[in-house]
Every structure is written in structure tokens, then in C-alpha cells.
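Novice: Given next are the chains, with one letter for each unit.
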Amino acid sequence: MNSLIPIFVIVPLATAFLIMILGRIINGFQKTVTPLILLFLTILSFYFLINNNSNSFVYSIGGWEPIENVPIAIYFVMDGFSLILLSIISLIGFLASIYSISYISKFTSENNFYSLLCLMITGMNGVVLSGDLFNLFVFLEISVISSYALVAFGTQKEELEASFKYQVLGGIASFIILFAIGLIYWRTKTLNIADASIFLSSGNSNTFDLFIQILLITGFGLKAAMMPFHAWLPDAHSSAPSPISAMLSGVLIKAAGIYVIIRLFFNMFVASEEISILLTTLGTISMVIGVLLAIGQWDIKRLLAYHSISQMGYVVLGIGIGLIIIARDGKPSIAALAIAGGLFHMVNHAVFKGLLFLNAGAIEHRINTRNLKEMGGLSKEMPVTSGTSFVASMAISGIPPFNGFFSKLIIIIAAIQARFYLLAFLAVFVSIITLASFMKFQRYAFFNKTEHSNKSTLKEVPFPMVFSMILMGILCLLFSLLAFPGIREQILGPAIEVLTNTDQYVKSITGI
Amino acid sequence: MKGMSIIVKKIAQLISGFIFLYGIYIIIHGHLTPGGGFAGGAIIAGAYILNILAFGSDAVNLRNKEKGSSLSESLAIFIVLMLAIFALFIGSRVFLSNYLPKGQLGEIISAGVIPLYNIFIGIEVAAAIITIFLALIIFKEETKR
Amino acid sequence: MIVYILCFILFLVGLYGIITRRNLIKIVISLSIMEFSVFLFLVLIGYIDSGVAPIVDPGNPTEKYVDPLPQAMVLTAIVIGLATTAMLLAIAIRLYRKYKTFDIREINNLRG
Numbered sequence: 001m002n003s004l005i006p007i008f009v010i011v012p013l014a015t016a017f018l019i020m021i022l023g024r025i026i027n028g029f030q031k032t033v034t035p036l037i038l039l040f041l042t043i044l045s046f047y048f049l050i051n052n053n054s055n056s057f058v059y060s061i062g063g064w065e066p067i068e069n070v071p072i073a074i075y076f077v078m079d080g081f082s083l084i085l086l087s088i089i090s091l092i093g094f095l096a097s098i099y100s101i102s103y104i105s106k107f108t109s110e111n112n113f114y115s116l117l118c119l120m121i122t123g124m125n126g127v128v129l130s131g132d133l134f135n136l137f138v139f140l141e142i143s144v145i146s147s148y149a150l151v152a153f154g155t156q157k158e159e160l161e162a163s164f165k166y167q168v169l170g171g172i173a174s175f176i177i178l179f180a181i182g183l184i185y186w187r188t189k190t191l192n193i194a195d196a197s198i199f200l201s202s203g204n205s206n207t208f209d210l211f212i213q214i215l216l217i218t219g220f221g222l223k224a225a226m227m228p229f230h231a232w233l234p235d236a237h238s239s240a241p242s243p244i245s246a247m248l249s250g251v252l253i254k255a256a257g258i259y260v261i262i263r264l265f266f267n268m269f270v271a272s273e274e275i276s277i278l279l280t281t282l283g284t285i286s287m288v289i290g291v292l293l294a295i296g297q298w299d300i301k302r303l304l305a306y307h308s309i310s311q312m313g314y315v316v317l318g319i320g321i322g323l324i325i326i327a328r329d330g331k332p333s334i335a336a337l338a339i340a341g342g343l344f345h346m347v348n349h350a351v352f353k354g355l356l357f358l359n360a361g362a363i364e365h366r367i368n369t370r371n372l373k374e375m376g377g378l379s380k381e382m383p384v385t386s387g388t389s390f391v392a393s394m395a396i397s398g399i400p401p402f403n404g405f406f407s408k409l410i411i412i413i414a415a416i417q418a419r420f421y422l423l424a425f426l427a428v429f430v431s432i433i434t435l436a437s438f439m440k441f442q443r444y445a446f447f448n449k450t451e452h453s454n455k456s457t458l459k460e461v462p463f464p465m466v467f468s469m470i471l472m473g474i475l476c477l478l479f480s481l482l483a484f485p486g487i488r489e490q491i492l493g494p495a496i497e498v499l500t501n502t503d504q505y506v507k508s509i510t511g512i
Numbered sequence: 001m002k003g004m005s006i007i008v009k010k011i012a013q014l015i016s017g018f019i020f021l022y023g024i025y026i027i028i029h030g031h032l033t034p035g036g037g038f039a040g041g042a043i044i045a046g047a048y049i050l051n052i053l054a055f056g057s058d059a060v061n062l063r064n065k066e067k068g069s070s071l072s073e074s075l076a077i078f079i080v081l082m083l084a085i086f087a088l089f090i091g092s093r094v095f096l097s098n099y100l101p102k103g104q105l106g107e108i109i110s111a112g113v114i115p116l117y118n119i120f121i122g123i124e125v126a127a128a129i130i131t132i133f134l135a136l137i138i139f140k141e142e143t144k145r
Numbered sequence: 001m002i003v004y005i006l007c008f009i010l011f012l013v014g015l016y017g018i019i020t021r022r023n024l025i026k027i028v029i030s031l032s033i034m035e036f037s038v039f040l041f042l043v044l045i046g047y048i049d050s051g052v053a054p055i056v057d058p059g060n061p062t063e064k065y066v067d068p069l070p071q072a073m074v075l076t077a078i079v080i081g082l083a084t085t086a087m088l089l090a091i092a093i094r095l096y097r098k099y100k101t102f103d104i105r106e107i108n109n110l111r112g
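Residue numbers (the working numbering), protein chains in the order written: chain C, 1 to 512; chain Y, 1 to 145; chain E, 1 to 112.
Only chain C is shown next, with the shape it has when bound in the complex:
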């Protein structure tokens, strides 16, 4: 079982290079092989997730054993929390790659597109699996550099400008992160997360630790587009090709931003009240202001991108409340509930926001505009797009049978139980504005009557696009099952266990 872990990195990496070599010779190689390997990874990760995600697997690259209890190898760690991320990365990647088969055919260099997509997935899988800080940084850079190239893939004015902005801000974030990693190494003399955690929990914390943590929040906050650092997200996510927008909004900001923040602040640093309050505040601010900025948008993809900021705010809010309770030594059950809400919303957001971006891409594919005012009455001609986007809109605004409702409900219940009434109220308030905003989206895009110039040629998008949209629509319903007690313990339970129980995480790696 252990020896299967590096497959998650090797297979997409090898595919990326194979596409560049064989894609020139064999026609259609890139289109067939990418969905196949991503399907394979999806099946593998779900197999791990369902069968035994309660134990964590450790793989030391190069076979270096710890010397005097000091881990010297590069570790891949696969525990419940990594597995959740791995599953959604592979799943959204698989659906996006199937969708790309018809969407991307209008661009010239398909080989480059699929190769970069595979590299991006390699990077994200690496970030999620990596057990030490520097390799985490390297994999992070692999994924974000390929995403820079993918954002600029259309090479039009807007795309290039968005990519440049994204690169400059992403570059600043990367160097701040590298600086913080250097400081951590200076202080703890180790890069292994578990080993550093032993050092940090044994010594008494000082202001230097606080400085490192604030640097890390700045760096990964920039990658995750939390509110004061969000400037690049609406440009980059709206300019990329739609399947890539789905990947960026659906998984990249989670794997490269939120995942690392959660992993480091729960499993490495000792929970401190200042940092947890800071995180919660940032989450709340992005939740509220993201949705307020989204209301006025008429470009569908920009609107969706601003909602991404807002929805990531929910995730950070849930996680932050959990961290506050842990820092104050409050009731573990409430902390577990808040973290469960955050993680659950993260999974749900990947599915519904991915689906919404795919819908936006389908609309753009047919009528060549992203402006809501120029659309209308599409529900007759494009029934599948209309239906699935209705499902996703209801899910994101938290209407009962869909998954978004349950995760928001869990976060709100946790906030009330922890006596943060204001935060609970704000979460409900933002949910209502989200609903209003998506009612506007539905009305203008699908139900309003507007005459199109090319009405006669308007029809439903090709089969691969329809297939992945329908599958994601089904997942929106299916994932609400995760809210029910038995299944929740099975899937989310181990992840929460890993996050709340740092000793166990440390023990699984160092053996102490």
C-alpha cells in the first residue's frame, strides 16, 4: 500500500513529458491519455479514501532511514486530510480534461495545453503529499508556474495582462514563502513538518514565531486570494480557458493556499490565539467583501471569480473558528464540527464552482461573449447547460437538497455553538446575497428574452462537455450525503482527527 504513494506524482509527470514527445508523432495522443491517467488517479485515490484513510502512510524517497530519530529523507505523507484533497484534485482534473477535448480544439497547441495541465496536477498532488516544507514549496512552484502559462494560453490582450499581474503577485508570494521557510529552518534546524512541530511545541513560543506565521499567512494568503491579497484572482480566473478556470478556482487555490495554511497552522505551529483570530478575521472579511464586489459584475466569469473569494472565506472562517477553540482549550467537539464544516465546504466548493465555470465556458463556446447583458433565453437551446448551472447556483447559494446548504449549515451551527453570533449572522447574510447574485445570473443568462444574431445555429455543446457538466451536477447532489453522520465520520473524520491530534501526525512520521 505504501509503495503506491509516489504514483500520484510520477504518473502525471511522466504523462506531461510523454505528451511533448509522442504527441507530435501520434495524432490525438494527448486527448486520450490525459483523461485516462486522471481517471486512473481518481479511482486510486477514491479507493484509498474509502478503504483505509484512518491510518496515515509515510513514504521516504530514496529509502533514507531516520538517524537518531531525526528524519533526513524527503517524506510523502498520505493521511485522511491529504486524501480528501487528492481525490478532488484528480476528480476535477479528470472532468476538466474530458471537457477540454472539445473546448480546447479551437486553440492551436493542444500538446502544450495538456502537458501543462498534467504538470499542474503533478504540482498539486506533490503539495498535498509532501511532508517537508521545501519540497512543498517546489511542488507549489511547479503548479503555479504551469498555471501562469495556462492563464495566458489564449495570448490575447486581457489574458496576457492578467497573467503578468498574476505572476508578479504570485512571485512576491513565493519569495515571502521561501523567506519564511528559511526563517523556520533557521529557528528549528529542520525542514520536516513533524520534526519542526516537535521543536516548536517543546520550546516556549516567542515573537519570532509570530513573525514567521504572519509571513506565511501573507504568502499563502496571496496564493489563496484572501481578501487584502485578492487583486489577481478575478483577472486570472476569468481570463483562463474555462476548464482551467475550473481547475484554478476549484482546486489550485485550495491545494496551494488553504491546504498549506491548514496543515501548517494545525500540525506544525502551536495554536495561538492571535493568529487564529487573524485568520478568522481575514476569512470573514473575504466572505463579506467578496460577495459585495460580485454583485456589480456583468462578466460571468468575473462574477464567479469574486464568488470564489467569498466562498473561500467560508472555508477559512470554519477553520479559523476551529483554531480559536483549540487555542483556547475549548470543547474539542465544537472545534471538530467547525473544522468539518470548513473541509466539507472546501470539497463542495470544488465541485459547484468547477461546474459553474464549465457552464460559463459552454455559454462562451456557443455565443462568444461573457457579458450577461448580451445573453438571455438560453434555457431552450441549451437545456443541459441551463439545468446543471441551476443545480450549481442553488448549491452555491445554499438551498437545501444540495451540498452547499449542508456545509454552510455546519459552519453556522459551529459558529453559534462557539458563541460567535456575529459571524453566524454574517454567514447567513452572505448566503442570502449570494442567492440574489445567482438569481441575477440565472435570469439574465437563461430566462430573459434577448434576440441573438446567431439564434439559428445555437445548439447544445458537444458531448464531452455535456458529459462532464452532468457528472458534476450529479456530484453536487451526491456530496450532500457527506453531511449524514455515518458517512461524515467515514470520510471527514480521519481528516479532522489528523488536524486536531498533532501528536498522532508527528508519531506517524518520526515514530516518537
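Since the hints were derived computationally from the structure, they do not count as laboratory data.
Hints may be right or wrong, so weigh each one.
Taking lysine-lysine pairs in the DSS-like style, the calculated list, with each CA pair at most 27 Å apart, reads [stated by the list, open to error]:
#1 Y:Lys9 - Y:Lys65
#2 Y:Lys2 - C:Lys106
#3 C:Lys507 - C:Lys331
#4 Y:Lys140 - E:Lys64
#5 E:Lys64 - Y:Lys2
#6 C:Lys189 - C:Lys106
#7 E:Lys98 - Y:Lys10
#8 E:Lys98 - Y:Lys140
#9 C:Lys459 - C:Lys380
#10 C:Lys157 - Y:Lys140
#11 E:Lys64 - Y:Lys65
#12 C:Lys380 - C:Lys106
#13 E:Lys64 - Y:Lys67
#14 C:Lys459 - C:Lys106
Based on these hints, arrange chains Y and E on the given structure of chain C.
Specialist: Just chains Y and E, lined up with the frame of chain C:
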């Protein structure tokens, strides 16, 4: 792109061979001295770029060269990955482990697989830097027209 | 201690350049300054006075080795920096072709 004057051409002709050899030296001594695949590859790419700059080339020619360098880059990095994957089937069966005999400290042929990695990483880095250079210069040529 | 503070100041110089410069190429250069300040910092972490190169010779043991890990980190980070800079320059050249200028005040199609 036009070439440069006869002095530059002659000097480039004389010196680029030595730069190339120096790059190879850095690569094959990667496990003994500072340097290795990346540094040596960058030096080899420097020799190549010097030649292109001094002698000049037209866009069609550059495009052909770019195809070749980009292909050899992919091939070299693929071979590196294959060397790493090969470790899964031999010896301790761990990814990226060193499965060849280690040899004597200080010899050229020692340190197991590391010199092999160095050589292929050197090829890959040289090809990558040349590809970046060619891509930028082809773009410049196209813009001029 | 003063060298670490100088590193941080160099980092801030890079940040200042990114914020104030209006030319795309100068922004790229400022990013590189930031990058190299971090590399300098990483190398300094591993440095020990009168330490030797970290090649352990069993026959001839030495007391003091410099820390090899930050050096490995810097080498890896330089490769990443190469990729980032190449991407940035490629995008900058393409932007120049579309807008006929490097001035970011005139490259402002995206707002809000």
C-alpha cells in the same frame, strides 16, 4: 537576425569550443566538485547562444532548431524520470534510490546513479535554456516583420 | 546579525521597485532582486565561520562543515527562479507586441 562583425565571429568560433568543454567538465565532475547538471548545462547553453548571436540566423532556421531543442529537452527529462522509476524495480525498491555500486570517494566513476542524473539533467537544462532563448528571439524576429 | 538585516533591506528594495516602477522589464528586475535577497539569506543561514565543504571523508574527519541543506535549497530555488523569470519575460514581450509599450499605465484593460 544579422550576424556580427568578423572579429566577434572569429573570437566566438575560437572560444565556444572551450566553453562547451568546460560545461562538460562541470557536468561530469558534478558529484565531486561544486556545480553539476544545472550549472554545466547553463554553460553549454551559453556556448550555443554565443554562436547564434555572433553568426546570426534566419527565422526558419531558428524555428527548426527550436523544434529539435524542445524535443531533446523532453527526452532528457523523461530519461531522468525513467532512471528514478527504475529504482522502483531494483535494490531497495524505493523511488529515487541509489541502486548502482557507490565506488571509491573521489573517483570519476563513483556515487552510483548520481553522475547519470547529472549528465541527463545537464542535457535537459542546456536544451531548456536554448529553447527559452530561441523562443524569445523567434518572437522578436516575428515582431520586427 | 547585520548581514541578515541587510538581506531584509534588499528584500524591501525589491518590493519597493515592484510597487513604484512603471516599466514591465523593471518590474521583472525588481522581482529578481527580491528573489536573490532571499537566496542570499538562505546561504547565510548555512554559513559557519571557517567551515569546510560538506564532503565527509571517513579517513580524514574535520570538525566544522558548512550546512549543505540551505545550499541545496538555493540551487533548487535558482532553477525555479529561472523558470519564473523566463515566463515573466516571455509574457512581457508578448504584451509589448500587443500594446506597443512597456508602460503599465497604458496596459489597463482589466479593472474592477
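Novice: Run every hint past the structure and note whether it holds.
Specialist: Against the structure, the hints come out as follows:
1. Y:Lys9 - Y:Lys65: holds, 20 Å
2. Y:Lys2 - C:Lys106: Between Lys2 (chain Y) and Lys106 (chain C) the Cα gap is close to 36 Å, so the pair fails against 27 Å, i.e. violated.
3. C:Lys507 - C:Lys331: holds, 24 Å
4. Y:Lys140 - E:Lys64: violated, 51 Å
5. E:Lys64 - Y:Lys2: violated, 54 Å
6. C:Lys189 - C:Lys106: The given pair, whose Cα atoms are some 51 Å apart, is violated under the 27 Å limit.
7. E:Lys98 - Y:Lys10: violated, 38 Å
8. E:Lys98 - Y:Lys140: Holds, at about 13 Å.
9. C:Lys459 - C:Lys380: holds, 9 Å
10. C:Lys157 - Y:Lys140: holds, 18 Å
11. E:Lys64 - Y:Lys65: violated, 48 Å
12. C:Lys380 - C:Lys106: holds, 25 Å
13. E:Lys64 - Y:Lys67: Measuring from Cα to Cα gives roughly 49 Å; hence the hint is violated.
14. C:Lys459 - C:Lys106: holds, 17 Å
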